[in-house]
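Undergrad: Spelled out from the first residue to the last, the chains are:
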Amino acid sequence: MRAGVVTLAMPLLTACGEQPPQTQIAGADAERGREVIQAYGCIACHTVPGIPGPASNVGPPLAAFAKRAYIGGVLPNTPDDLVRWLRNPPAVDSRTAMPNVGLSEADARDVAAYLYTLH
Amino acid sequence: MRDGLGKIAMVLAGVAVAGAGAGAAFVYAGIYNIAASEQHTAPVYWLLDYAMRRSVKSRAAAIEVPELQDAQRIRAGAVHYQTHCLQCHGAPGVAPEPEAIGMTPAPVNLVSTAREWPASEIYWVVRHGIKMSGMPAWNYKLSEKELWDVVAFIKALPALSPAEYAALDKSTSGSAARRTVGARAEAADSAETMSGDVEAGKRALDQYLCATCHRIPGVVGANRHVGPPLNGIATRGYIAGVLSNTPENMVRWIRYPQQVDPLSAMPNLGVSEQDARDIAAYLSTLDE
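Residue numbers (the numbering used here), protein chains in the order written: chain A, 1 to 119; chain B, 1 to 288.
Hints were generated in silico from the structure; no laboratory data involved.
Among the clues, some could well be false.
Listed next, the stretches of chain B that the computed footprint assigns to chain A, with coverage defined by at least 3 CB atoms under 8 angstroms from CB atoms of chain A [as the list claims (entries may be wrong)]:
| hint | stretch |
| --- | --- |
| 1 | 217–227 |
| 2 | 236–248 |
Here are the computed lysine-lysine pairs in the DSS-like style, where the Cα-Cα straight-line distance is at most 30 angstroms [unchecked claim]:
| hint | chain 1 | residue 1 | chain 2 | residue 2 |
| --- | --- | --- | --- | --- |
| 3 | B | K57 | B | K145 |
| 4 | B | K131 | B | K202 |
| 5 | A | K67 | B | K131 |
| 6 | B | K131 | B | K145 |
| 7 | B | K145 | B | K170 |
| 8 | A | K67 | B | K202 |
Every residue, glycine too, gets a C-beta built ideally from N, C-alpha and C.
Let the hints inform the model, and build the full structure from the sequences given.
TA: This is the structure we're talking about:
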């Protein structure tokens, strides 16, 4: 009986814990990233899980962002590309409505770390 | 007497629960081999094939078959056959392409189909495809006339020797049909206003593979995260972050994403004007 319960629980136990390697950002702080998101007013356009405030629908929702294959529909969703996008979206895609809000490299890395907690 | 019935009911309920449990365990443990490299067991194969025939038969019963024994119609069908069907089904004396090797269920030799199936049922399968097989639905890619042209050609196949097919192939190659999706709406891009049909849009979202990249409420199997989720797309400020969200812009984006933004990963799927309007109509119902 106990063995049966453990066997059923195994998938749950292994699902939590380590993040897949492609979303790890060395030295970044996801909790600080959350504060940066609030400070820079990202929720003016995006609905972000874990950030309180009225849900905005100008840009796409960021729920499950860690699973998203593309950033802004134009860049592969890797840590380096995400930081690049966050720091200067129009430099990546001149047509985007997402503005350059002047994030520093450290801020962008923290924000990226937070976004990668969204499964 | 009542006590006996009560006991029987309990036993039956117990058997049902045990059966459901055994079935769940069978599925969870992955016991049935779904490899395409190995055949089904004979009883499973018979069941799937029989169920397919019965399903097609019941749905094709009411279909009216037009005149098919027309040389021009058969020739037009041959062109479409060479572009769309030959790769998997082969032709008299012609092997299918390597992709068809290793498909389960195997794409049938259509000469045997032509001899055994009524035209109405062949039409139904060409139009709607078959779930869980490699046979796609052609109703988004071929117009009504073209579908029947293909059926006419298939029905003519049994009478063609390999040499006759080769001659036909030679005389029609060079007029290979355009491999485009969205040919269904023959009145495509006409000037009259075509309003969008929400139900048709929901089906189109599935058939045009939108569901393979986007989460779309109401579309079964649409739960991937390649592109952004379409929940709330009706009230979203921007389409793909680059176009303001109006009905006209939505149609434009769906039809020509790279014209709007050359950097976009969203491909041009050859969506017709009518299908794009239908899809936009469905998307306009997704307001949360």
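Undergrad: A separate judgement is required for each hint: does it hold in the structure or not?
TA: Outcome of the hint check:
Requiring three or more residues with a Cβ within less than 8 angstroms of a Cβ of chain A, the coverage given for the stretch 217–227 of chain B holds, as 3 such residues are present. Here's how the stretch 236–248 of chain B fares: 6 of its residues keep a CB closer than 8 angstroms to some CB of chain A, so the rule of at least three is met and the hint holds. Pair hint B/K57 plus B/K145 holds up; C-alpha atoms about 22 angstroms apart against a cutoff of 30 angstroms. Proximity of B/K131 to B/K202 is assessed by CA-CA distance (about 17 angstroms); at most 30 angstroms being required, the pair is judged to hold.
Restraint check: the Cα-Cα separation between A/K67 and B/K131 comes to about 28 angstroms, which is no more than 30 angstroms; the hinted pair holds. A hinted pair counts as satisfied when its Cα atoms are at most 30 angstroms apart, and B/K131 with B/K145 qualifies at roughly 24 angstroms. Restraint check for B/K145 and B/K170: satisfied, since their Cα atoms lie roughly 23 angstroms apart, inside the 30 angstroms limit. The suggested pairing of A/K67 with B/K202 holds, with an alpha-carbon distance near 24 angstroms, which does not exceed 30 angstroms.
Consistency with the previously given hints is maintained throughout, with no hint failing.
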